[in-house]
Amino acid sequence: DAGVTQSPTHLIKTRGQQVTLRCSPKSGHDTVSWYQQALGQGPQFIFQYYEEEERQRGNFPDRFSGHQFPNYSSELNVNALLLGDSALYLCASSLYFGQRINRYNEQFFGPGTRLTVL
Amino acid sequence: AQSVAQPEDQVNVAEGNPLTVKCTYSVSGNPYLFWYVQYPNRGLQFLLKYITGDNLVKGSYGFEAEFNKSQTSFHLKKPSALVSDSALYFCAVRALSGNTGKLIFGQGTTLQVKP
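In the order they appear, the protein sequences are chains A and B. Under our numbering, residues 1 to 118 are what the first sequence spells out, in order. Under our numbering, residues 119 to 233 are what the second sequence spells out, in order.
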């Protein structure tokens, strides 16, 4: 049973460029959340996708956008990259928490994509 | 607002000794609390969770955590530390707003177990 996978593993971009990160959820999961982990910090929630819609968004600018596909995989897009966007981007999958039976489930995290902005 | 604090940046323990990694939380209502571990160049791995019930929660790899409502704490413990337990540990609380299960993480505590 494959866990959460993310690609690419590492990425180097320059300021002003755009980047797309990809995530495939754990088999059987239908919900994908994205987190940003800056160096020395805990992960910060960016947003969550369920049924191809953004369900909740953290305190991140509109430069951060996402998409979920019918097969539940997801992309995170960041436009106009800033130096401060350098971080480990983590994808987490789960079953939808809006259904009561799933309310207490944990999220499963992928290995992350390390983004460096020069 | 909900928050989690991990007061120690680093905890050093000798192999075979008991370990404790501290976590305190601030929530209104019942807290849903989690511990995750992160090894270098790896994502977060789930260790254990507290939802309700018994205040002592057992998890993976011999870890356990003690929920204390009066002290608003959820400390991670292990009776006998292994060198392989050396990693970065995160405490998290599930946000109550929305139905997304959004996690709010602490800053993390580096555990160093020395032989």
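Among the hints, erroneous ones may be present.
Stated by the list, open to error - Selected chain B positions facing chain A (in silico; Cβ < 7 Å):
1) F181
2) T218
3) G224
4) G226
What the hints assert, rightly or not - No farther apart than 27 Å at their CA atoms in a straight line, the calculated lysine-lysine pairs in the DSSO-like style are these:
5) B/K187 - B/K140
6) A/K26 - B/K187
7) A/K26 - B/K140
None of these hints come from the bench; they were simulated from the model. Owing to the predicted nature of the structure, the values given are computational and were not obtained by experimental measurement. Where is the CB? At the ideal position from N, CA and C, for every residue including glycine.
Comparing the hints with the structure gives:
1. F181: The hint is violated - B/F181 has no Cβ within 7 Å of chain A, the shortest such distance being about 14 Å.
2. T218: Holds: closest Cβ of chain A sits about 4 Å from B/T218, inside 7 Å.
3. G224: Result: holds, 5 Å to nearest chain A Cβ.
4. G226: Since the shortest Cβ distance to chain A is 5 Å, the answer is holds.
5. B/K187 - B/K140: Judged against 27 Å, a Cα distance of about 14 Å means the pair holds.
6. A/K26 - B/K187: Measuring from Cα to Cα gives roughly 33 Å; hence the hint is violated.
7. A/K26 - B/K140: Violated. A/K26 to B/K140 sits at ~30 Å, over the 27 Å cutoff.
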